[in-house]
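> Using the sequences plus the hints, can you model the full thing?
Going down the list, the protein sequences come from chains E and V. Just so we're aligned, residue 1 is where the first sequence starts under our numbering, counting upward by one. Just so we're aligned, residue 1001 is where the second sequence starts under our numbering, counting upward by one.
Note that these hints are calculated values from the structure, not bench results.
Simulated pairs of lysine to any residue, SDA-like, Cα-Cα distance not exceeding 25 angstroms:
| hint | chain 1 | residue 1 | chain 2 | residue 2 |
| --- | --- | --- | --- | --- |
| 1 | V | K1006 | E | V228 |
| 2 | E | K223 | V | G1172 |
| 3 | E | K223 | V | E1018 |
| 4 | V | K1006 | E | I227 |
| 5 | V | K1006 | E | I286 |
| 6 | V | K1006 | E | I193 |
| 7 | E | K223 | V | K1006 |
| 8 | V | K1006 | E | Y225 |
| 9 | V | K1006 | E | H221 |
| 10 | V | K1006 | E | R288 |
| 11 | E | K223 | V | P1009 |
| 12 | V | K1006 | E | Q253 |
| 13 | V | K1006 | E | A285 |
| 14 | V | K1006 | E | G182 |
| 15 | E | K223 | V | A1173 |
| 16 | E | K223 | V | P1154 |
| 17 | V | K1006 | E | G224 |
| 18 | V | K1006 | E | G192 |
| 19 | V | K1006 | E | G257 |
| 20 | V | K1006 | E | D186 |
| 21 | E | K223 | V | D1003 |
| 22 | V | K1006 | E | A190 |
So these bits of chain V aren't anywhere near chain E, every CB distance computed over 10 angstroms:
| hint | residue |
| --- | --- |
| 23 | G1004 |
| 24 | P1025 |
| 25 | A1026 |
| 26 | A1083 |
| 27 | T1158 |
| 28 | L1161 |
| 29 | G1221 |
Where is the CB? At the ideal position from N, CA and C, for every residue including glycine.
The chain contents come next:
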Amino acid sequence: MSPHLAAIAAGPMSTVQDLGRRGYQRFGVSVAGALDPLRLAVANALVGNPPDMAGIEITLAGDRYRIEADNCLLALAGDFDLAIDGRPAAPWRGHRLERGQVFAVGAARAGARGYVAVAGGLGFAPMLGSLSCHVRNRLGPPRLLAGAVLPLSRDRAPKGPAQAIDPSAIAAGEGPLRVVLGPQDDYFTAAGIETFLAVEYRVSRAADRMGYRLEGPRIEHAKGYNIVSDPIPAGAIQVPGAGTPIVLLADRQTTGGYPKIGIVIAPDQGRLAQMKPGDAVRFAAIGRAEAAEAHRAWRARIAALPGMLRPAVEDATKLLDSARLLSLNLIDGAVAEDRA
Amino acid sequence: MADGPKFLPAGESGLLVELGDAIDPALNALVHRLDGLIGQARLAGVIETVPTYRSLLVVFDPLATESARLEDSVRALWPRAQASEAGGQGRRWFVPVAFGGELGMDLDDVARRTGLSAAEVVARHEATDYIVYMLGFAPGFAYLGTLDEKLRLPRRETPRLAVPPGAIMQGGAQACVSTLEMPSGWHVLGRTPSPIYDPGRERPFLLAPGDRVRFVSIPAGEFENRAKALPDSEALA
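Shown next as structure tokens:
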């Protein structure tokens, strides 16, 4: 069989995702795509792929894959337990594996979504211009289940050494989620908008790729909660009759009939997608210029990822050893040995 | 409508252009004309546009343009959108439908509740020149209007759990054609063998926003034959 990963076991919600479908919302097709594009880009950078290549998005816990390919470079971006052939291994770095080895992603230690990338990418055929899985739209490879086969696209596989990244260097910011008010903020009273921006909400159990339903105080509507259905941008905060907000994410429907009090900016949609039921959420309103600036900084960060990599050392002992050697300034000794 | 477009913020990469707040054929035609002009203008930084009943979303890359610049561009196109001939530039489709029976299990119920005969319900659907107001809810799912006033009914009290693709349905003042098996509270009147949506086809979507649709009744027996005979590439009816 051609090179592939064989899924021996699957996490609760693992799907193939790139940056989603562009240009098809006018036909009612959801965009889909990675909920945290920065983290997908990190996984890709670690194996030398371009930032928008499709990887596997895992939710709360990951999958177990048997490598059915020679010399396969994989990486996991995310604070998840990881084991290779049953031995603990580090996320945030590339691992070069041989046929028959098992790459097993366990439970999340922090955050909710992680991404697994394979050098060269996955060998699925795009549907409507993307590999992204959208379960309800029946587009892209189906949700991963035990027994799934993930074909690899090896032609473009980069050859270089395995790379690592310091996760603290790409940590998401703190603080409230940044929101541009509108387009239908006029459907809320001043008191309603004040509530929305002042209180702390909690992520409910209804939190998935389509959207996050939040729990907390009611946001007061000014003139009902029905609008003539109109487009739903990514990150739209819809407030139905119950008065509590729903933040709509990658798998959202393209149109809807509830007023939208604001839109969470793209960098903070990724932060929200890393939250779990029970986590606290606050919102802060920013202007459009500031939002555009934050978006540009986020994209610049993604573009700068390749420059943040360093060669991965084979294991933690060696990392400690080389760090200690450098700190002891034994370079002269090493040079002398070279000459000998 | 005479006021011109209202520009509303939609995040850092979206601009909502609102032309009104009603479901109205003339207003919707303006949306499609403006949408067509925006598409033709190939404005720098525009990723896609999403036209709906009475507004359209311009999705853009904030690294390549900014909303103030897009507002100016759209405002400059507005006089032409108003001046264009009525009717828009959508295509016209004749969609064959096997009405009633197992393929349209709610036809008799709709007839009973509207006080019309089943044949009259079908005749009124056939006589209506439907506009594709917008697509949404699911890939290729078209919202059609406007339904004959005599046919308007609230949705079913109990939604059906699985309506097959190609179902012709009505609800409120609208009709629609389903594209995937889905739950629905709309009344199922019949089914078309036409391939409305196929993501593997070069042209995945038969209907586009602004197109016009006429339903043409075919016998139930012909549904089976046509469903078999229609090759994937054949987008019509």
